[in-house]
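Guided by the hints, dock chain S onto chain P, whose structure is given.
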Amino acid sequence: MYELVRGPLVWIALIVFVGGSLVKIVRMIALADKEKSIIPTMSAKFGMRSVIRWVIPFATTNERLHPVVTIVSFSFHFCLLLTPLFVMGHAVLWEESWGISWWSLPAGVADVMTLIVIFSFLLLFLRRVSSPEVRNVTSFKDYVILFLVVAPFLTGFIAHQQWLPADAMIILHIVTGALWLIAIPFTWLSHMLWFIFTRAFMGSEFGAVRNARDW
Amino acid sequence: MADLDDAKVVDPGIDDKIKLLTPERIEQVAKKVLTKECSARLKIYLETCVHCALCSDACHTYLSRDKDPDFSPVAKVKDTMWELVKRKGKVDGAFIKKAARIAFTECGTCRRCSMYCPFGIDIAYLIMTIRRFCHLLGVVPQYMQDTTNSHSVAMNQMWVQQDDWIDTLMWQEEDASDEVEGLRIPLDKEGADVMYSVIGPEPKILAQLIANMAIIFNVAGEDWTMPSRDGWDNSNMAMFSGDFEIMGRIERLHWERAAQLKVKKVVMGECGHAFRGAVYDGAKWSGWKGPPIPMVHAVEYYHDIIKSGRIKIARKIEGPVTVQDPCNVVRGRGLHNKLRYIMNTLCEDFRDTNPRNELNYCCAAGGGVINCGPPWKPSRMKSIRVKAEQFRETGADLIVTPCHNCHSGIEDIIGYYDLGMHVSFISELLMKTMEMPGE
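Quick note, the sequences are listed as chains P and S, same order. All residue numbers for the first sequence refer to my numbering, where the first residue is 1 and numbers rise by one. All residue numbers for the second sequence refer to my numbering, where the first residue is 1001 and numbers rise by one.
With the rest of the complex left out, here is chain P:
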């Protein structure tokens, strides 16, 4: 079982994630090209101005208006992206499989980052449940996606702490991780792919065309 998920399943997940994302991006650009006014509107300067502004915590009006959400979502995304890439257990696998040696996080730091993801998840989940304007636009699918995102972190953490049978946990960890990757191109997790495009387009429209700020 372990061999099956560690081998073919991970391959499938990686291919679907990378291939699916590339296909989606190429198709989206082709589609944008058909709408005559989109690509000519894009401005490197103002697009990047907007992207950079929005990835700095508290640099925008709305981020300052919701300080807790800002702190939680920035730390959530930061740890969510970096932990899987640099956790020691994964570094070993990179080395074993492809001979790539990779810098890795000290175990304690990775643990803290994982806990930040789990704790932020809880807060984001609570916000979805308790805030009327968020609950109003949340469907069952949104909860599933949210749980899918945290599942590999939860199972990975439990496996690392060996609180439950480690073998089963590792398999669950790989399976949820694979599902997580596969879901990216096909759910709103694709905001990971689109963020830079939508942000840069709005930044260009506001900055280059309308001579105004978009934050």
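These are computed hints drawn from the structure, not numbers from a lab. Fair warning: this is a prediction, and the values are worked out from it, not measured in the lab. Please note: incorrect hints may appear among the correct ones.
[Said to hold, decoys possible] Straight line, CA to CA, 20 Å or less: simulated SDA-like cross-link-like pairs of lysine to any residue:
#1 S:Lys1036 x P:Ile29
#2 P:Lys34 x S:Lys1017
#3 S:Lys1043 x P:Met28
#4 S:Lys1377 x S:Ser1308
#5 S:Lys1017 x S:Tyr1143
[Said to hold, decoys possible] Per the computed footprint, the stretches of chain S lying under chain P, defined by three or more beta-carbons under 8 Å from a beta-carbon of chain P, are:
#6 1233-1242
#7 1275-1287
#8 1292-1305
[To be verified] Pairwise CB distance ranges, derived in the manner of DEER restraints:
#9 S:Asn1337 x P:Leu65: 22 to 28 Å
#10 S:Glu1428 x P:Ile29: 31 to 37 Å
#11 P:Ala44 x S:Asp1163: 49 to 55 Å
#12 S:Lys1031 x P:Val109: 34 to 40 Å
#13 S:His1422 x P:Leu126: 31 to 37 Å
#14 S:Asn1337 x P:Val55: 32 to 38 Å
#15 S:Gly1395 x P:Ile25: 52 to 58 Å
#16 P:Met192 x S:His1422: 36 to 42 Å
#17 S:Lys1265 x P:Leu179: 55 to 61 Å
#18 S:Lys1008 x P:Phe58: 53 to 59 Å
Glycine included, C-beta positions come from ideal geometry on N, C-alpha and C.
Coordinates of chain S only, in the frame set by chain P:
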């Protein structure tokens, strides 16, 4: 919970027209809009939205209605576009009635929410696409449809006839020449530096504004002209009713008239949506990146002639004055600093609003909302409490706004919320403050 009174509003342009629809027709139109007319932007915005509702606090209708979640921008998209896409266009009359109410009367497409969305999703575009869908079904609030009909028949917004147009200009020329001796309103002067264009309601109900501008041009020594024939109207309600074919026709005629007159630029009166139509929406629909001839909004023009000394300010307005930033020239053009330069130059006691500049609240009249007419006025007034509170906090007794929609909307706000203030255009202030010849 949506407001039940608003849901009960009877509008023949919506209710009677829905009765004429068949399921096949609805599905066919939905397919055309969702797959033929819209592609990348619609797709990417729908896929990117993570349903975080962080756009909510941007919206004046949400804030004014005690943070009712149904009035959050994302909720408006959920109740219209998400549902239309999910049901693959197989929607019924009840859905269309709700979608038309939301898209035409509860969102002014002011784009403030795009400044709050972490992804910069253009929510106004999604709402505008719903209006397009409604228009293609023939379902548009009756009052708004009437203005679009006028555009298509008379090529101006207010059914102004050719002889009325010329007559009004001559009448205003006569009035203005009381102030400046020998003043002319030059018609069809080929090769002038500036063509001046106005919106349909000016000759119809606010003709004095044309005389004001004639005086300003004459004192500034401008080489200017006005067109004697169609193309003089720069307003564009078709842009808001979803009738983009008519929208494009209006803008093309306006630019063709300017091209025929061989002017260097077009200066337009104090109006927000007209700027948007001429510079952005109309141009894009015509496949242009921008307008073919530079378009200068009145705010920019006043700023330039005051700053360069072409007109002199002899005295200032006394008493507390505040300002309304029109969405389409502030969020839409960044003219807020120039507007403040004018305000500080003309007024002794200028009191700014909070929030201001690009973050200013919409007046709830723009984006065609006020053009939906009297049936929807109670709803519009409920949607704009924050604006009334914002003005009240300034303690001003005069509100200046360089936009016709803002002007009418704010007059309604003043009445409904009993603010005891007045509204004025900048040109009216200039008539009181600028140095006249022979002074």
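Structure-based check of all given hints:
{"no.": "1", "hint": "S:Lys1036 x P:Ile29", "result": "holds, 16 Å"}
{"no.": "2", "hint": "P:Lys34 x S:Lys1017", "result": "violated, 33 Å"}
{"no.": "3", "hint": "S:Lys1043 x P:Met28", "result": "holds, 8 Å"}
{"no.": "4", "hint": "S:Lys1377 x S:Ser1308", "result": "violated, 42 Å"}
{"no.": "5", "hint": "S:Lys1017 x S:Tyr1143", "result": "holds, 14 Å"}
{"no.": "6", "hint": "1233-1242", "result": "violated (count 0)"}
{"no.": "7", "hint": "1275-1287", "result": "holds (count 3)"}
{"no.": "8", "hint": "1292-1305", "result": "violated (count 0)"}
{"no.": "9", "hint": "S:Asn1337 x P:Leu65: 22 to 28 Å", "result": "holds, 23 Å"}
{"no.": "10", "hint": "S:Glu1428 x P:Ile29: 31 to 37 Å", "result": "violated, 50 Å"}
{"no.": "11", "hint": "P:Ala44 x S:Asp1163: 49 to 55 Å", "result": "holds, 53 Å"}
{"no.": "12", "hint": "S:Lys1031 x P:Val109: 34 to 40 Å", "result": "violated, 53 Å"}
{"no.": "13", "hint": "S:His1422 x P:Leu126: 31 to 37 Å", "result": "violated, 48 Å"}
{"no.": "14", "hint": "S:Asn1337 x P:Val55: 32 to 38 Å", "result": "violated, 27 Å"}
{"no.": "15", "hint": "S:Gly1395 x P:Ile25: 52 to 58 Å", "result": "holds, 53 Å"}
{"no.": "16", "hint": "P:Met192 x S:His1422: 36 to 42 Å", "result": "violated, 52 Å"}
{"no.": "17", "hint": "S:Lys1265 x P:Leu179: 55 to 61 Å", "result": "holds, 59 Å"}
{"no.": "18", "hint": "S:Lys1008 x P:Phe58: 53 to 59 Å", "result": "violated, 44 Å"}
Violated hints for the displayed structure, listed by number in ascending order: 2, 4, 6, 8, 10, 12, 13, 14, 16 and 18.
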